[in-house]
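Input sequences plus hints: build the corresponding full structure.
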Amino acid sequence: MSANTLTRPTETLESLPTRRKSKFFGIDKRPGWLTYTLLGVFFLSSAYPLWWSFVMGSRTNAAFGSTWPPLLPGGNFWKNVGEVFDTVPFWLALGNSVLISGIITVSVITFSTLAGYAFAKLKFKGRDGLMVFVIATMAIPTQLGIIPLFMVMRTLGWTGEIGAVIIPTLVTAFGVFFMRQYLVDVIPDELIEAARMDGANMISTFWHVAVPAARPAMAILGLFTFMTAWTDFLWPLIVLNAGNPTLQTALSQLQSARYVDYSIVLAGAIMATIPLLLLFIVAGKQLISGIMQGAVKG
Amino acid sequence: MTSTLNRPPVESSSSGPSRTPHKAPVSMKHRLSALDVKASPYLYIAPFFILFAIVGLFPLVYTFFVSLYDWHTLEGQGQFVGLSNFTAVLADHFFWNSLFNTVSIFLLSTIPQLLVAVVIAAVLDQNLRAKTFWRMSILLPYVVTPVAVAMIFSNVFGENYGLINNILESFGIDGVGWQNDTLPSHIAIATMVNWRWTGYNALILLAAMQSVPRDIHESAALDGAGATRRFFSITLPSIRPTMIFVIITATIGGLQIFTEPRLFDPVTAGGSQRQFQTTVLYLWEMAFFRQNFGKASAIAWLLFLLIVIFGLINFLLSRSIATAEGRGAKARSQRRLLKLRQREAQESMRARPAASVLAETVPVPGPTEPTEPNAEGSTR
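Chains G and A supply the protein sequences, listed in that same order. Each residue of the first sequence is one higher than the last, beginning at 1 in my numbering. Each residue of the second sequence is one higher than the last, beginning at 1 in my numbering.
Rather than coming from a laboratory, the hints here were simulated on the basis of the structure. Accuracy of the hints is not assured; some may be wrong.
To be verified - Under the rule of at most 25 Å between Cα atoms (straight-line distance), these lysine-lysine pairs were calculated in the DSS-like manner: (1) A:Lys29 / G:Lys125; (2) A:Lys29 / G:Lys123; (3) G:Lys125 / A:Lys38.
Right, dumping it as structure tokens:
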């Protein structure tokens, strides 16, 4: 071995990890066409059923007879939507759904933030025991209490009123748990103490320290609560009637009509999807980060 | 409480009697403040607990009370019958049929959904272009409400003129009895659930995958583990706790499935032969069509017990797997890091003779600064 080979290879070895990384790691390199093909397949299976519904909803019942599905919409969409409006009280149902989901969302956010803040940052007797209770109740399917709830609503004469849909979901155990998990890390104890030193009472400490810090979590909780309230079907179906429906129960009337025109049913499904689709376009990023944060936190 | 102690005694002249002599005299204002500190937490949690007791807990307990009576929807409370509603339900062929359908649909939706969600998450867990677009595209079905999903897929799976049967028939294959046959109807309903929830669960699993430290991946790659190998021996074990979470959530939701079978055939309550009648659908039929609140309440309680048992089994099962695997994965990754350090040390010692061999195969680049193997790319 000459002196030359002794020095140069040392340099080679030292630079080796970098070389091997680029060759074998593949961790941060741009993925190839196979990945994008798969993503394209996922995208199609997500989007195609919706597109197909729109295409069929814009044609007539006759389109269902063709063996290969048409790819482009026909000209009947607005006519079919008109039929939807004639069959069910669409605008009333939309208004009801907005009102119900809106009130439930505000209520869940308010009470969950209050209770979550207390559990996260205040000291009081029985705190840990009560928190365990909250976590345990998260797993209880409260849906199964629909029979007594219905009996109560009937006794009070509230069946058919949207109040009967709102009241059972004014609070959720999940909301309290979610806010507690968020606030416990995000507010430093010193900040609360400083506010108290400045003479702020408890509620103004809550208002000026906790609420501003909780805002991002409130937005995510609100988004999910709104979605859940909006999609709820079983309870509104039981407690409301055909004359005063939510969007979901109104839609189901289309499906249950004695003479079913499928293009009208699908036009209705598309019309009912548009509000959440708009929400998704506006707040889709927050929805995604909410789901992903919830996973890591919960 | 510290704040009241630290505050300067401004109003000491008007102070009232104090119980603790070593403390500064406490004014009326201070006592109010102490009360504020003591009572506020309870005031903040009270709305939740009071409302939850009324709308969550009371109905569940009262369901049990109703289940002990002969209770007709219109006639109201009747005879006390003890547990005979429960024995009647347990002897009811339709109840067991509904349980079978529920569990079958639950399995057909949970297992494929989880498998596909893992694949989607793994594909998304790369350095993608237009990341947000792809993530949004898989979440798209989540914003379609279950009622709309049921309406859309009832037409996709229609027996006459449905999308799938049309395509099958164009290939000369007989159409499938998506509504009349038991298994196909379960597949159709499971597909509705899967379509809506797979992307959602994939995002949860993606979050778990991204929280795996990059060092572990890099050191494994340095050991020569390819992407596939790394996926099975690093990624999968690490996301197991999240999988438990997803499975348990899917269990609680899946055993209560109602909307999809209700709307798949809106004329009947779960098919002409009850071939896809789930338990909640049977409960609904019992309470609001057959008007038997007593028996319906018994069904509700039995279903509740079933959900709790399923949840517990899932939890215990997956926890034991997770802790065993978790320990394994942790040990493995620590071994791997240790090995890495050792090899670094060895290589620097052996550098000269080993390098001379390598020098023949590896083209020699210009002189470079020595680099730590896992200093780069460990942050993402």
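### Hints the structure fails to honour
none
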